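Sequence order for the protein chains is A and B. Just so you know, we're using our numbering here: the first sequence kicks off at -1 and counts up by one. Just so you know, we're using our numbering here: the second sequence kicks off at 13 and counts up by one.
Simulated from the structure, these hints should not be mistaken for lab results. Hints may contain errors.
As the list claims (entries may be wrong) - Just so you have them, the derived chain A footprint on chain B, three or more residues with Cβ under 8 Å:
#1 178 to 189
#2 195 to 209
#3 312 to 322
Model, not experiment: these values are computed from the prediction. By construction, the Cβ of each residue, glycine as well, lies at the ideal position given by its N, Cα and C atoms.
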Amino acid sequence: MLELKNISKSFGDIVAVDDLSLRVEDGEFFVILGPTGAGKTTTLRIVMGLEKPDSGAVYYDGQEITHLSPPLRNFAFMFESHNLYPVLDVYDNLAFPLRSPLFRVPEEEVRKRVESIAAELHITHLLKRKVSHLSGGEQQRVALGRALIRKPRIYILDEPISSLDYKLREELQTEFKRIHEEYGITILSATHDNISAMAMASRIGIMERGRIIQVGTPREIYIDPVSVSVARIIGAPSMNFVECNLAEEKLFVEGDRDLPIPIASSTFRALKGRVGEQGKVLVGIWPESVLVSKEMNEGWLEAVVENVEYHGAERFVNLTLGEQSIKALLADEVNPQHGSEVFVNLSEEKLYFFSVDTGMRIYLK
Amino acid sequence: MSTVRLENLKKYYGTVKAIDGVNLNVESRSFVVLLGPSGCGKTTTLRCIAGLEVPTDGKIYFDDRDVTGLSPSERNVGMVFQFYALYPHMSVLENITFPLRACRVPPKTIEEKVKEVVQIFQLKDLLKYKASILPPGDQQRVALARAVVRDPGVLLLDEPLSALDEKFREKMRSELGKLQKRLGITTIYVTHDQREAMALGDVIVVMRDGLILQVGSPQELYEHPNSIFVGNFLGTPGMNFVECRYEKGSLVLKGTSYRLKLERQDLIAHLVPYEGREVIMGIRPEYVHVDGKLKDGGLSLEVVAIEPAGRYRLIDFLIGEKVFRVRTDWELSLVPGRRVGLQMREDRLCIFDKESGRAVVS
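This is chain A alone, in the form it adopts within the complex:
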């Protein structure tokens, strides 16, 4: 088990990591998800031993390793730019970590392990090729092979696939997941790509401005985001946010038109007590929870169609609700045109409430 306790790290005035604590269990695929500049890479570099934290400690299996040099930690790294040796062929690149004076693996054993890892990653046909002659995806597989070959205690991946073509990314993300499950290895990864994070992770830690703000399984975070920034970074497409006002026992969509979202009076009172004088609240709803119809029903709101986005298995429509934009998943039978009028249902039990001041979730129960 890897454990980070109260880690802080600044570079001059810039706080990169701010009192961060984190636990990665054995066999877990833990992904740190956050925007560029959140401190993800610095955190990984501290785990690897490439940076010293200003305060706090790193433990592995209960033993403190904060000041242990990187090779002695026996962690494997894989970066976005994979640092393969371009002049060597694939075989020698894979064999490189085993030939390190630290391990002194006999050549016969090296050959066996190179061949077995190459077969596993479907790169046997490339063994004699120079790395510089390979495609991006092939290079990424070699880099993965080189990380896997020396059986390290933890694999640390920094944006391992985000620079690749989309289709290739999808393929490698499945491959990472398969290898993780087959080998039962522990992986700590960082990325800004919420789709691959959701697909690969056993657990996700959402990172923002040097802090981990929520940890959970992909599903847990999706159904229960603790703040606006968490809800913004997960899910494709993102959650809708609608600025609303509480008045006259109702929840009004902000704007110059009268668009009340029906809510129970108990909800109204509970919200009113939590949002302060101005009565402003940020309402979140997933696009799949917004119902769209051409017919007016009781409590449904009028909206104007901007355009329809086709996503393959499903279609989404961009709508203007009052003066705000929202996106909705379309049912098969609905086929709205640009500029046409439709009605939407924002059902109370599907709504997430957030504070406009802090961005934190307002829990009513």
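Using the hints, position chain B against chain A.
This is chain B only, laid out in the frame that chain A set:
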């Protein structure tokens, strides 16, 4: 707004055939996406339309006017590239007005045009800043504003969003789609990202090796791919492909004992020449139903892996050596190792020729 027509367009670099006979009609006000892997010829096609490349052969028409020999500035096109190519030392305002000043548009008209695009792209607060200090997303908005400010007949975009962060790209993609519908400019857009192509395009043109493979609406291409390549390239994830043997009205899935008895007469009719031979069956992950109960004679497989994707999950199974993926909601409790029943929707089956990869029925 202009229509665009390409007639047998070719561009060779020495012996390399970047595009090798492309024919295409782009309707006025439509949003057409050229989609394909790197090296397919999509960017070369766009550069020929822009006038940045001289085609080796073939003709380009804007509204029935032959523009093949015209320079870029004579074509009245607006262009935006992956890297925004703004003038870094100029302010946002100067960047936007530059194309108008270069064409000696009267100051009064410039003022009106600027007012209009500033409102559309919400640039009011940015006008006085130097372009180089803006974040990437803002720079790209400025580049778009500059491209549309002089009312181009055609807007040409080459991977304009690919340098942006994932989340921001999703947002800009929606913005761009809404904007194109509002402005109604004929737009040709190049990308390798099929999600962008599907979300934005009225028409998608799938290219490979300098040729057009298939043209159609996102839905047509998604539901009825004309080849294994298109079926795999479109969709997140792509279509599943399973090797089968066709025997007397049934598909026998290779690596299983499962026989899928076909009911659809059109499928059976098309498969007559394939009696006793191998074909490739294609089915999208969302058209397979997962059932907790196993049925006699039904297909049952063991769950290999589960990938959550927010509101749904992708479940990986293995048929023979190949991954078979199914998209489901969160109702059924699934864990790796559990055996479940699978039913494929026959109305959504595609059949491909094993040798050519072309669709037999789709």
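Discussion item. If you test the structure against every hint from before, which numbers come out violated?
Written reply: none
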